[in-house]
Amino acid sequence: MSRHLISIDDLDRAGIERILDLARSFAEVSGREIKKVPALKGRTIVNLFYEASTRTSSSFELAAKRLSADVVNIRSAGSSVDKGESLKDTVRTLSAYDPAAIVIRSPWAGAAQQITGWTDAAVVNAGDGKHEHPTQALLDVFTLTQALGGLEGLRIWIVGDVLHSRVARSNILAFQRMGATVTVCGPPTLIPRGIESLGCAAQDTLANLGEADVVYVLRLQQERMQEAYVPTLREYAQRYQVNRARLREGQIVMHPGPVNRGVELSGEVIDSDAALIDAQVKSGVAVRMAVLYELLVGAPVLQVVA
Amino acid sequence: MSRHLISIDDLDRAGIERILDLARSFAEVSGREIKKVPALKGRTIVNLFYEASTRTSSSFELAAKRLSADVVNIRSAGSSVDKGESLKDTVRTLSAYDPAAIVIRSPWAGAAQQITGWTDAAVVNAGDGKHEHPTQALLDVFTLTQALGGLEGLRIWIVGDVLHSRVARSNILAFQRMGATVTVCGPPTLIPRGIESLGCAAQDTLANLGEADVVYVLRLQQERMQEAYVPTLREYAQRYQVNRARLREGQIVMHPGPVNRGVELSGEVIDSDAALIDAQVKSGVAVRMAVLYELLVGAPVLQVVA
Amino acid sequence: MSRHLISIDDLDRAGIERILDLARSFAEVSGREIKKVPALKGRTIVNLFYEASTRTSSSFELAAKRLSADVVNIRSAGSSVDKGESLKDTVRTLSAYDPAAIVIRSPWAGAAQQITGWTDAAVVNAGDGKHEHPTQALLDVFTLTQALGGLEGLRIWIVGDVLHSRVARSNILAFQRMGATVTVCGPPTLIPRGIESLGCAAQDTLANLGEADVVYVLRLQQERMQEAYVPTLREYAQRYQVNRARLREGQIVMHPGPVNRGVELSGEVIDSDAALIDAQVKSGVAVRMAVLYELLVGAPVLQVVA
Numbered sequence: 005m006s007r008h009l010i011s012i013d014d015l016d017r018a019g020i021e022r023i024l025d026l027a028r029s030f031a032e033v034s035g036r037e038i039k040k041v042p043a044l045k046g047r048t049i050v051n052l053f054y055e056a057s058t059r060t061s062s063s064f065e066l067a068a069k070r071l072s073a074d075v076v077n078i079r080s081a082g083s084s085v086d087k088g089e090s091l092k093d094t095v096r097t098l099s100a101y102d103p104a105a106i107v108i109r110s111p112w113a114g115a116a117q118q119i120t121g122w123t124d125a126a127v128v129n130a131g132d133g134k135h136e137h138p139t140q141a142l143l144d145v146f147t148l149t150q151a152l153g154g155l156e157g158l159r160i161w162i163v164g165d166v167l168h169s170r171v172a173r174s175n176i177l178a179f180q181r182m183g184a185t186v187t188v189c190g191p192p193t194l195i196p197r198g199i200e201s202l203g204c205a206a207q208d209t210l211a212n213l214g215e216a217d218v219v220y221v222l223r224l225q226q227e228r229m230q231e232a233y234v235p236t237l238r239e240y241a242q243r244y245q246v247n248r249a250r251l252r253e254g255q256i257v258m259h260p261g262p263v264n265r266g267v268e269l270s271g272e273v274i275d276s277d278a279a280l281i282d283a284q285v286k287s288g289v290a291v292r293m294a295v296l297y298e299l300l301v302g303a304p305v306l307q308v309v310a
Numbered sequence: 005m006s007r008h009l010i011s012i013d014d015l016d017r018a019g020i021e022r023i024l025d026l027a028r029s030f031a032e033v034s035g036r037e038i039k040k041v042p043a044l045k046g047r048t049i050v051n052l053f054y055e056a057s058t059r060t061s062s063s064f065e066l067a068a069k070r071l072s073a074d075v076v077n078i079r080s081a082g083s084s085v086d087k088g089e090s091l092k093d094t095v096r097t098l099s100a101y102d103p104a105a106i107v108i109r110s111p112w113a114g115a116a117q118q119i120t121g122w123t124d125a126a127v128v129n130a131g132d133g134k135h136e137h138p139t140q141a142l143l144d145v146f147t148l149t150q151a152l153g154g155l156e157g158l159r160i161w162i163v164g165d166v167l168h169s170r171v172a173r174s175n176i177l178a179f180q181r182m183g184a185t186v187t188v189c190g191p192p193t194l195i196p197r198g199i200e201s202l203g204c205a206a207q208d209t210l211a212n213l214g215e216a217d218v219v220y221v222l223r224l225q226q227e228r229m230q231e232a233y234v235p236t237l238r239e240y241a242q243r244y245q246v247n248r249a250r251l252r253e254g255q256i257v258m259h260p261g262p263v264n265r266g267v268e269l270s271g272e273v274i275d276s277d278a279a280l281i282d283a284q285v286k287s288g289v290a291v292r293m294a295v296l297y298e299l300l301v302g303a304p305v306l307q308v309v310a
Numbered sequence: 005m006s007r008h009l010i011s012i013d014d015l016d017r018a019g020i021e022r023i024l025d026l027a028r029s030f031a032e033v034s035g036r037e038i039k040k041v042p043a044l045k046g047r048t049i050v051n052l053f054y055e056a057s058t059r060t061s062s063s064f065e066l067a068a069k070r071l072s073a074d075v076v077n078i079r080s081a082g083s084s085v086d087k088g089e090s091l092k093d094t095v096r097t098l099s100a101y102d103p104a105a106i107v108i109r110s111p112w113a114g115a116a117q118q119i120t121g122w123t124d125a126a127v128v129n130a131g132d133g134k135h136e137h138p139t140q141a142l143l144d145v146f147t148l149t150q151a152l153g154g155l156e157g158l159r160i161w162i163v164g165d166v167l168h169s170r171v172a173r174s175n176i177l178a179f180q181r182m183g184a185t186v187t188v189c190g191p192p193t194l195i196p197r198g199i200e201s202l203g204c205a206a207q208d209t210l211a212n213l214g215e216a217d218v219v220y221v222l223r224l225q226q227e228r229m230q231e232a233y234v235p236t237l238r239e240y241a242q243r244y245q246v247n248r249a250r251l252r253e254g255q256i257v258m259h260p261g262p263v264n265r266g267v268e269l270s271g272e273v274i275d276s277d278a279a280l281i282d283a284q285v286k287s288g289v290a291v292r293m294a295v296l297y298e299l300l301v302g303a304p305v306l307q308v309v310a
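Listed in order, the protein sequences are those of chains A, B and C. Residue 5 is where the first sequence starts when you use the working numbering, and the numbers rise one by one after that. Residue 5 is where the second sequence starts when you use the working numbering, and the numbers rise one by one after that. Residue 5 is where the third sequence starts when you use the working numbering, and the numbers rise one by one after that.
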């Protein structure tokens, strides 16, 4: 693993497996009454969020606190105009606090990579525009590994707005690296051209969904309607909603959250045993603890969490 | 006490007295230089606030920190449309962090009760719509107990907008349970019909205020004017403002804050020795430590705070 | 040093030097892997910010956390109407938490001084309107001392909107107290009348900038344009921008941040070795640790940080 985690491409299969091993230890810590290890005591983690994200930011915050770090949360409305120079000045300012890591969520693809040039801190990409969201992919791989033992040979369908999704991008890479085959499915307007070059199959209906072992449903951003990528929520749901009628026995359903109930996913599926959505959230803390630990300590975990 | 604190009705008199005993110990902790005990070290408390509330949220945050818990603050603009399903998904997401307790403030009556079905965490109601605000009632009982030794036989007047007040609802229950008699007083439009069924007397002028040992003044929400419950601030103040001219020697004045100075309460009363308003705030931290401790540890406090 | 830090005038030269000594120790702590000392363990610090300020508030927050204090951040939109009574009630409420210190940032000159009458906590002025910002001045003195050994005999130019700047006010006092001579420079509309009574020279062009050892550039608030203090950003930059063409070899450049790149300071100067801007931010944490420590502990630092 490089000094930073910007893309799933920073990790080969062995690297991902190391994160999974660490995450397993930290999931055990999070299951204890005292959910805390002293690994990062006295070190500073900055969470720099240019987009609202209760879910991801609280997950990173909790991961850092369970490692005993001091956390500084910086939220910024931000705007694309501010992008260039002011991001640089913000990062240089925060770097003067000598943080061990900067976790950055940004609407600009490439922001996480860019700031590595301006800081000595380890940089963790918590989502950069439509580019990548690598800790989401890692927590999804971890969740599947916990549920099924591994991803080798799994057939995974990713359903929805693949075109605009950083989650899709990171997850395609990670799922394939761990031995799964990936099919993307959605309206042709929401499937990037040339997706086959990533080694995925593409489908524009759910007709063959039965072949999937795992159905990974993406959130439909409401603004896509205004941009005319999809006609109406109702029509989208009619064609692409994953619901009980379209699933077969034994299929697993995942979603990165937050879900639009009754749009991309039906309420009864969300609440069924088929859905691993809560397990994904739980995995998030353990995996983010693992990533921070791997980047900042990198020593055998057993010495630390024992 | 049940696993949760949703309503004052979750506590019988013995339960309230146990909280008061614990709060006494924790008030002593908060008076030390090192205002901290390790009781909840490594445990996670989520503060989920769907309404802005600097006062209540900082009080709960500090209570949790003084018990050494890790605190995650989630603030949401929220809207009544979001209410149904999305509250469920939010609570399930947060529950995946395996918090020891979720403290919830919500504009929807019944929200705190409802989420107990979706989480293994202890739920503490920090105010749900016009329903209840039980920790406010407990801190008021604690404040009166500290000041006067107990509530048995006290005559307490609650003055103002009783109709819309969760504080009034919880405090009527708690004051009576501890042996006080309660009279509510306000414009007829702001007194709920049938309030006598709760065992209260009702008055529509302050003429007999002299009979009260304790005058508990409610905040007048500015929006009541627009809704035509009261004519003007000026007229409301003329008839119902608690001020020096209307008080007699020896009466105690309380208010849950924040006060509209010069509306429901005159500045000189706020700043006088008759007012216990600062003591109420101070009690808030101790009582919330006690509630969290009782729900999450429930062991003899002396072993822990010694 | 008094019990509070409201103005640079609360410190004589010996007092400033004591803060510098403490800051030196704490800068060493911030350079360690474990950036933490137990000096304020179990004590509560309230950060009360009536103005948005990521930079100053995160610096104080981190300083308090590195001293092991529990921090409560209160942010308020606030408005000048709220000023009088409600500031009093807010401070009394927060004081009921028995905080060791209240750090206050406010748009009202005099707010920090005023609240000392309403609380037993030590009050630290983190900027009050156009009045003072003493920790900024102290961190600037510390930065210069680290870079140059001391300020005795230094010639410092302060360039820009001196009229509206609390930084200018505090820095003039602090720089002079430490033995420097200060010249202020800017458009006549932005230089206060009678500034000479503070012992400064005044200039309205950068023609003689070469005589300065240190060029301290102030932020140009965008709203000054609307108020017609300066014609246009472009014209301001033409006359008063500090850039490479106007600097000579060996001059040091400082700025309290955040910088308007290309307005009061050119990008190439910001990014050059002449600029101490990042060092100023780094100094901020150490100096604020020192101020909190001096006010709240006041014992020989070596006993604590050893």
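One or more hints might be untrue.
Some but not every residue of chain C turned toward chain B, in silico, with C-beta under 7 Å [unchecked claim]:
#1 G46
#2 D74
#3 R96
#4 A100
#5 W112
#6 I199
#7 S201
#8 L202
In silico BS3-like cross-links for lysine-lysine, where the CA-CA straight-line distance does not exceed 25 Å [as the list claims (entries may be wrong)]:
#9 K45(A) with K45(C)
#10 K45(B) with K134(C)
#11 K134(B) with K40(A)
#12 K45(A) with K40(C)
#13 K92(A) with K134(A)
#14 K92(C) with K134(C)
#15 K40(A) with K92(C)
#16 K92(C) with K45(B)
#17 K40(C) with K40(A)
#18 K40(B) with K92(B)
#19 K134(B) with K45(A)
#20 K45(A) with K40(B)
#21 K45(C) with K40(B)
#22 K92(B) with K45(A)
#23 K40(B) with K134(C)
Covered stretches of chain B (in silico footprint by chain C; criterion: 3 or more residues with CB under 8 Å from a CB of chain C, positions within the stretch not fixed) [to be verified]:
#24 36-47
#25 60-70
#26 91-105
#27 285-298
Hint data in this document are derived by calculation from the structure and do not stem from the laboratory. Only a predicted model underlies this, so the values are computations on that prediction, with no experimental measurement involved. Positions of the beta carbon are idealized from the N, C-alpha and C atoms, including for glycine.
These are the hints, each one checked on the structure:
no.: 1; hint: G46; result: holds (3 Å)
no.: 2; hint: D74; result: holds (5 Å)
no.: 3; hint: R96; result: holds (6 Å)
no.: 4; hint: A100; result: holds (4 Å)
no.: 5; hint: W112; result: violated (18 Å)
no.: 6; hint: I199; result: violated (39 Å)
no.: 7; hint: S201; result: violated (39 Å)
no.: 8; hint: L202; result: violated (38 Å)
no.: 9; hint: K45(A) with K45(C); result: holds (14 Å)
no.: 10; hint: K45(B) with K134(C); result: violated (43 Å)
no.: 11; hint: K134(B) with K40(A); result: violated (38 Å)
no.: 12; hint: K45(A) with K40(C); result: holds (8 Å)
no.: 13; hint: K92(A) with K134(A); result: holds (21 Å)
no.: 14; hint: K92(C) with K134(C); result: holds (21 Å)
no.: 15; hint: K40(A) with K92(C); result: violated (39 Å)
no.: 16; hint: K92(C) with K45(B); result: violated (34 Å)
no.: 17; hint: K40(C) with K40(A); result: holds (18 Å)
no.: 18; hint: K40(B) with K92(B); result: violated (33 Å)
no.: 19; hint: K134(B) with K45(A); result: violated (43 Å)
no.: 20; hint: K45(A) with K40(B); result: holds (18 Å)
no.: 21; hint: K45(C) with K40(B); result: holds (8 Å)
no.: 22; hint: K92(B) with K45(A); result: violated (34 Å)
no.: 23; hint: K40(B) with K134(C); result: violated (38 Å)
no.: 24; hint: 36-47; result: holds (count 5)
no.: 25; hint: 60-70; result: holds (count 6)
no.: 26; hint: 91-105; result: violated (count 0)
no.: 27; hint: 285-298; result: holds (count 4)
Going down the numbered hints, you'll see the structure goes against 5, 6, 7, 8, 10, 11, 15, 16, 18, 19, 22, 23 and 26, while the others check out.
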